[in-house]
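K.L.:
Working from the sequences, and respecting the hints, build out all of it.
Residue numbers (the working numbering), protein chains in the order written: chain A, 1 to 491; chain B, 1 to 491.
Don't read these hints as lab results, they were simulated from the structure. Keep in mind that a hint or two might mislead.
Identical copies carry no separate label here, and so any pair may be met within one copy or between two of them.
Unchecked claim - Computed list of lysine-lysine pairs in BS3-like fashion (alpha-carbon distance at most 27 Å, straight line): (1) 27 <-> 383; (2) 124 <-> 27; (3) 348 <-> 62; (4) 255 <-> 27; (5) 313 <-> 62; (6) 62 <-> 27; (7) 27 <-> 348; (8) 313 <-> 377.
2 protein chains.
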Amino acid sequence: MAKAGFVTSITRQSEDFPAWYNDVVRKAELADYSPVRGCMIIRPYGYAIWESMRDELDRHIKRTGHQNVYFPLFVPRSLLEKEAEHVEGFNPQVAWVTHAGGEELNEWLAIRPTSETLIAEVVKDWIQSYRDLPLLMNLWNNVVRWELRTRLFLRTTEFLWQEAHTFHATEQEAVDEVATGLEAYRSVAEDWLAIPVIKGRKTENEKFPGAVYTLAVEALMRDGKALQAGTSHMLGQNFARAANIEFLDRDNERKNPHGTSWGFSTRMVGATIMAHGDDSGLVLPPNVAPVQVVIVPIFRSDEDRTAVAGAIKPLEAALRDSRRTLPDGRTEPVRFQVDWREETPGFKYNHWELRGVPFRLEVGPRDVAAEQGMLVKRIDRSKEPVPLDRLAAELPDRLDAYQREIFGRAVAFRDDNTHRIDEYDDFKRVLDEQPGFVLAPWCGDSACEKQISTDTGATIRIVPLDQSDEPGACLRDGRPSRQPALFARAY
Amino acid sequence: MAKAGFVTSITRQSEDFPAWYNDVVRKAELADYSPVRGCMIIRPYGYAIWESMRDELDRHIKRTGHQNVYFPLFVPRSLLEKEAEHVEGFNPQVAWVTHAGGEELNEWLAIRPTSETLIAEVVKDWIQSYRDLPLLMNLWNNVVRWELRTRLFLRTTEFLWQEAHTFHATEQEAVDEVATGLEAYRSVAEDWLAIPVIKGRKTENEKFPGAVYTLAVEALMRDGKALQAGTSHMLGQNFARAANIEFLDRDNERKNPHGTSWGFSTRMVGATIMAHGDDSGLVLPPNVAPVQVVIVPIFRSDEDRTAVAGAIKPLEAALRDSRRTLPDGRTEPVRFQVDWREETPGFKYNHWELRGVPFRLEVGPRDVAAEQGMLVKRIDRSKEPVPLDRLAAELPDRLDAYQREIFGRAVAFRDDNTHRIDEYDDFKRVLDEQPGFVLAPWCGDSACEKQISTDTGATIRIVPLDQSDEPGACLRDGRPSRQPALFARAY
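P.N.:
This is the structure in structure tokens:
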């Protein structure tokens, strides 16, 4: 690289994807490791991306009738152990408070790995009658699951998330609610983060501990590995029975309500990086980009600087007044920044490309003379001269088009890397040579699923919801398969 | 009470203030205790109030150049113990994680009681040069301080808050930043929550452990007790030295930066309840009220119900299109609800009065005939017939006026209950007979301050900033006093 002295170099994505990811996260200043093993610090640029997806999901959650609440960080040991499958699933990952206020505690307190058991215990006082249902709650909080191997955003001991918890009078209402949660995740992933996802059902091996079944949305990263982008659980009456929640129904019978829970976490920041990024760093969808356009003034003399500043000033005023209309009808101004730092243009291009800013506008003395700027698109580095007096008015549409383009590119990538396979040898070869999603027939047996995973490192991500019956023979043992399952190596 | 069967009765405020407070919090469904000792559950109505003040403060914080970040929940013991005064102040209240992931930890981890020590340790890598300063960060998170006696919102083992942490090249910049934080709290308290506050400096006894000095805003509750509504700390170079943070300044010298930190918590929900509430329950300022106007249809027959519904429908449409302009220029629609539940009007009046909704509109068949509704103001129960076709247009101004009225009433209450006292006997008598703020001369000696507290239960809340020198004789020992201190019994 000619300007090696000026740039923050990162590992090439094609050379070493994990090293590329780590470089992007740290050098774009999204997050960093902390003095506490496995816990991360989310820096301003990373937190702004999280705030954007959090706020978008929060709007969905509220529009669909859920209310935000807060429940304690601690879960007493006796409560965590009430639901047998649940405790078995989470116990090995729990962090325990044993001492507090200068004393040893009588009962250990778990740092919540999730809040099902605590919430079930509390709502039994709130749910007396069918009139108290449905109860539609959502929590934004931090949870802790002790992890041995951690990766920033993707797998950290502490992470931020949203956990919805709902209770319903009938099974059908709970089934519908599980779908409502999943649709919220599809919408945020696809319409906000420009990440195409496939909806499906987890296998028995992979479902949430204590759930009747778990639905998930799965996305494909640019290295061909899958990432779970949100899960929605049908809890049935499991937690309600364990906590003795009963309500008097319309028919005067006492019943246990049917529960659901669903969650979406800071790992989606990692998904956004890995779904769109390239050798130069982040490629951010405009909806979530903290800066949507960066203006880089180019000058050598004070005289040039004055001329460029004079041309940029009215543009800034116009951008401050700009309004972009979002999918839900809200409007917001274009988020822009002018980079007047004392660095070379090359340094600045690199700086903002690393940070995935959708558009860069270069304005030099010759541009000023022509009353234009050079608009560079991050996704393909295409350049186009644009009249300065038209830019603010055009940018909202250009950002919309960019948002569509980045989604379209991700859909095409996903489709190009989804393989339909029937034979086990082909399956193994494709996973090594063209990693991606593999749709393949599976007999439905848990032991067979585990053996495939042991043999190949690939797991069943989901059995996709949106497919009709397609009888076949299990790729490993030849037993009958009703529908293909979606396999992949995964984060 | 004639309608005793229909109403949720609460203790009268004048009879037993603490019982009144507890009734309001629990019966208006703001919060409740949890199965974890000292930890609270914040219910939807209480959380919506918290979200409103949180979002308003977040806008202030961002407007003044601070960026949101996230730091881990855990602080390793060795870090917490780096600043001597700090550890002494917080150690007795810390909750400790000793086991995690099925093993005993080599080093105990504190659940953060606050994050100064962890942040200082991390930013030493980020602050190398004066160009890296100022570093202006803010965190929204949960902290834990083990408390023996807890009260919902006011003193809980876990609470939600915001903690800002900043680092500056010069002492003066840090001094200015401490004032910036304090002004954010004044603005949210007065302009958003309608709670008048006094700015001042904490005494040495009361300052933050590890700080050079602490500023605070103090508010007066309706029982005459004071409540600290936010604190802003000048940390000087204390934490920076303990963590070895050094930067290369413009003059090529290596220096420790000057730090500040400031915090505002869920206890301000408690302050909002106690600053405005009355015998019927909450009285909420419109800016923060989750529901600003409730419409109560009144009918006995199906025919009446149809007529009333027909009159309310166009009003609902008009309210959905309404826009109220907020202090910062943003606009938002009026938040309204129509209460069609199968309950008596009396039950509904009581329900919404308990919840502090600023306006109630009663619409019955006779109102419909007259094309009007009866608008009832929560703060004084005054009634006024209002034409239904004008209400949506008038409500934004009426809400503004209500916001001013509730603030004016609180200022008058505070002024009526602030006493200027010179003699110790008068001081003791006033605290018992007319509890409130007491401005009294004090010699500045810590031992004397503690003796006054032991004698009377009153503490020095602050030495107000906004007063000129006023020499006097200390109310307890007669030694010279430069300025009066502000005393009160306090939460």
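K.L.:
For each hint, tell me whether it holds in the structure or not.
P.N.:
Checked hints:
1. 27 <-> 383: within (26 Å within a copy, 62 Å between copies)
2. 124 <-> 27: Between copies only: 17 Å across, 48 Å inside.
3. 348 <-> 62: between (40 Å within a copy, 24 Å between copies)
4. 255 <-> 27: between (55 Å within a copy, 26 Å between copies)
5. 313 <-> 62: Close across copies (23 Å), not inside one copy (40 Å); limit 27 Å.
6. 62 <-> 27: between (35 Å within a copy, 24 Å between copies)
7. 27 <-> 348: For residue 27 and residue 348, only the intra-copy Cα distance (14 Å) is at most 27 Å; the inter-copy one is 57 Å.
8. 313 <-> 377: within (22 Å within a copy, 49 Å between copies)
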